[in-house]
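Can you build the whole structure from these sequences, using the hints too?
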Amino acid sequence: MGAHYDHIPPHLVEWILKQHIFYVASAPLKADGHVNVSPKGYQASFRLVDKNKVWYEDLTGSGAETASHVRENGRITIMFVSYDGAPNIVRLFGVGKVHEFGSEGYTALLPDAQRQPGSRAIIEIEVYKVGTVRRFSSCGYGIPCFKFDHDRNVLEQWAVKREAADIIAEDSSSPEQQSDKGIRSYWASANHTSLDGLPAIKGASGAQSRIQHKEPTITGKPKIERVKAPLALQPAASPLSWLQTNAGWLLPVSFAAGVVAASVYQRMAAR
8 MGAHYDHIPP
18 HLVEWILKQH
28 IFYVASAPLK
38 ADGHVNVSPK
48 GYQASFRLVD
58 KNKVWYEDLT
68 GSGAETASHV
78 RENGRITIMF
88 VSYDGAPNIV
98 RLFGVGKVHE
108 FGSEGYTALL
118 PDAQRQPGSR
128 AIIEIEVYKV
138 GTVRRFSSCG
148 YGIPCFKFDH
158 DRNVLEQWAV
168 KREAADIIAE
178 DSSSPEQQSD
188 KGIRSYWASA
198 NHTSLDGLPA
208 IKGASGAQSR
218 IQHKEPTITG
228 KPKIERVKAP
238 LALQPAASPL
248 SWLQTNAGWL
258 LPVSFAAGVV
268 AASVYQRMAA
278 R
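Numbering-wise, the sequence shown is residues 8 to 278 according to our numbering.
A few of these clues could be false.
Think about it this way: if two alpha-carbon atoms lie no more than 27 Å apart in a straight line, the pair counts; the simulated BS3-like pairs of lysine-lysine are [unchecked claim]: (1) LYS168 <-> LYS47; (2) LYS209 <-> LYS168; (3) LYS60 <-> LYS104; (4) LYS60 <-> LYS209; (5) LYS25 <-> LYS136; (6) LYS37 <-> LYS104; (7) LYS209 <-> LYS47; (8) LYS104 <-> LYS136; (9) LYS154 <-> LYS25; (10) LYS47 <-> LYS37; (11) LYS136 <-> LYS37; (12) LYS60 <-> LYS25; (13) LYS60 <-> LYS47; (14) LYS25 <-> LYS58; (15) LYS25 <-> LYS47; (16) LYS25 <-> LYS104; (17) LYS58 <-> LYS104; (18) LYS104 <-> LYS47; (19) LYS60 <-> LYS136; (20) LYS209 <-> LYS188; (21) LYS58 <-> LYS136; (22) LYS47 <-> LYS188; (23) LYS168 <-> LYS188; (24) LYS58 <-> LYS47; (25) LYS47 <-> LYS154; (26) LYS104 <-> LYS209; (27) LYS47 <-> LYS136.
What follows is a list of derived Cβ distance ranges for each label pair [as the list claims (entries may be wrong)]: (28) ASN80 <-> ASP119: 27 to 33 Å; (29) LEU36 <-> THR114: 28 to 34 Å; (30) ARG54 <-> GLY81: 14 to 20 Å; (31) GLY81 <-> LYS188: 32 to 38 Å; (32) ALA10 <-> ALA197: 38 to 44 Å; (33) LYS154 <-> GLU111: 37 to 43 Å.
It is worth saying that the hints were derived from the structure and are not from the lab.
Beta carbons are placed, not taken as given, at the ideal position from N, Cα and C, and that holds for glycine.
Right, dumping it as structure tokens:
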């Protein structure tokens with residue numbers, strides 16, 4: 008059985024802040040609603056305020072399940088996992104609040120100079136229980152080991168371009184004209200509600216929600232690693248197209264095989 012605390016113990020603080028990824032779990036009150044688990048990256052996203060309070064910067068994604076669930080019922084769990092060194096799993100059980108970009112709560116926690124591109128909200132959590140491993144327990148023994156390589160820069164650079172479109176629209180003579188290529192437009196279309204129809208990112212407005220220009224902090228050209236389709240889903244190649252594709256090596260191999268066969272035949276005939 009693991010160890011449990013009513014606060015974040017000091018010996019876990021340094022380890023938690025070193026993690027490059029954490030997972031967030033939440034669910035709606037509806038019995039048949041969608042239970043959600045989301046991985047979160049970028050070390051700068053997570054902040055530890057004190058032994059019972061943490062928050063993280065909620066960056067733009069394809070959905071906004073966590074924000075919708077926390078708005079409805081506040082329930083949230085954050086999990087950290089050790090992928091190198093000694094095995095360890097830490098869960099922070101808490102009650103959350105959503106501070107959307109542009110709100111007073113958001114601005115109080117995160118000055119604009121520290122805001123990351125694409126940041127749409129802050130999820131603030133009052134931690135009431137912490138679960139971790141007890142010495143000689145088996146918790147985390149089955150987790151494979153990985154080494155951190157690098158943060159992907161695709162989300163950040165995508166967000167910088169989207170926010171630039173909003174800045175141009177806000178600086179125009181008709182600021183009420185929202186850019187359909189801006190990040191606000193994306194929030195309105197993709198992040199407005201959850202899979203169960205709960206309100207998620209509402210789109211805070213006002214002077215405090217004005218987007219400021221940001222430069223990417225992760226250098227390098229954006230690279231998206233594509234996932235190949237399973238072999239069974241790939242269209243079968245016709246015999247003709249297969250021959251055309253492999254003619255470059257097929258002809259020399261066939262010629263060499265013919266020479267060998269002819270030589271063997273001549274030797275057998277001479278006996």
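Cross-check of the supplied hints:
1. LYS168 <-> LYS47: holds (21 Å)
2. LYS209 <-> LYS168: Holds, because 21 Å separates the two Cα atoms, which is no more than 27 Å.
3. LYS60 <-> LYS104: Given pair LYS60, LYS104 holds - Cα atoms ~11 Å apart, limit 27 Å.
4. LYS60 <-> LYS209: holds (25 Å)
5. LYS25 <-> LYS136: holds (21 Å)
6. LYS37 <-> LYS104: This hinted pair holds, its Cα atoms lying about 19 Å apart.
7. LYS209 <-> LYS47: holds (21 Å)
8. LYS104 <-> LYS136: Holds. LYS104 to LYS136 sits at ~17 Å (cutoff 27 Å).
9. LYS154 <-> LYS25: Given that 27 Å is the threshold and the Cα spacing comes to 13 Å, the pair holds.
10. LYS47 <-> LYS37: Measuring from Cα to Cα gives roughly 25 Å; hence the hint holds.
11. LYS136 <-> LYS37: Measuring from Cα to Cα gives roughly 24 Å; hence the hint holds.
12. LYS60 <-> LYS25: Roughly 17 Å separates the two Cα atoms, so the pair holds.
13. LYS60 <-> LYS47: Judged against 27 Å, a Cα distance of about 18 Å means the pair holds.
14. LYS25 <-> LYS58: holds (17 Å)
15. LYS25 <-> LYS47: holds (14 Å)
16. LYS25 <-> LYS104: holds (24 Å)
17. LYS58 <-> LYS104: Status holds; Cα separation ~17 Å.
18. LYS104 <-> LYS47: holds (17 Å)
19. LYS60 <-> LYS136: holds (11 Å)
20. LYS209 <-> LYS188: holds (18 Å)
21. LYS58 <-> LYS136: Roughly 10 Å between the alpha carbons, so the hint for LYS58 and LYS136 holds.
22. LYS47 <-> LYS188: The hint holds at about 25 Å.
23. LYS168 <-> LYS188: holds (9 Å)
24. LYS58 <-> LYS47: Within the cut-off at roughly 21 Å; holds.
25. LYS47 <-> LYS154: OK: LYS47 and LYS154 at ~17 Å, within 27 Å.
26. LYS104 <-> LYS209: holds (14 Å)
27. LYS47 <-> LYS136: Since the Cα atoms of LYS47 and LYS136 sit roughly 21 Å apart, the hinted pair holds (cutoff 27 Å).
28. ASN80 <-> ASP119: 27 to 33 Å: holds (30 Å)
29. LEU36 <-> THR114: 28 to 34 Å: At roughly 30 Å between Cβ atoms, THR114 and LEU36 fall inside 28 to 34 Å, so the hint holds.
30. ARG54 <-> GLY81: 14 to 20 Å: Between ARG54 and GLY81, where Cβ atoms are some 19 Å apart, the hint holds.
31. GLY81 <-> LYS188: 32 to 38 Å: holds (34 Å)
32. ALA10 <-> ALA197: 38 to 44 Å: holds (40 Å)
33. LYS154 <-> GLU111: 37 to 43 Å: Check passed, 41 Å falls within 37 to 43 Å.
Checked against the numbered hints listed earlier, the structure breaks none of them; every hint is satisfied.
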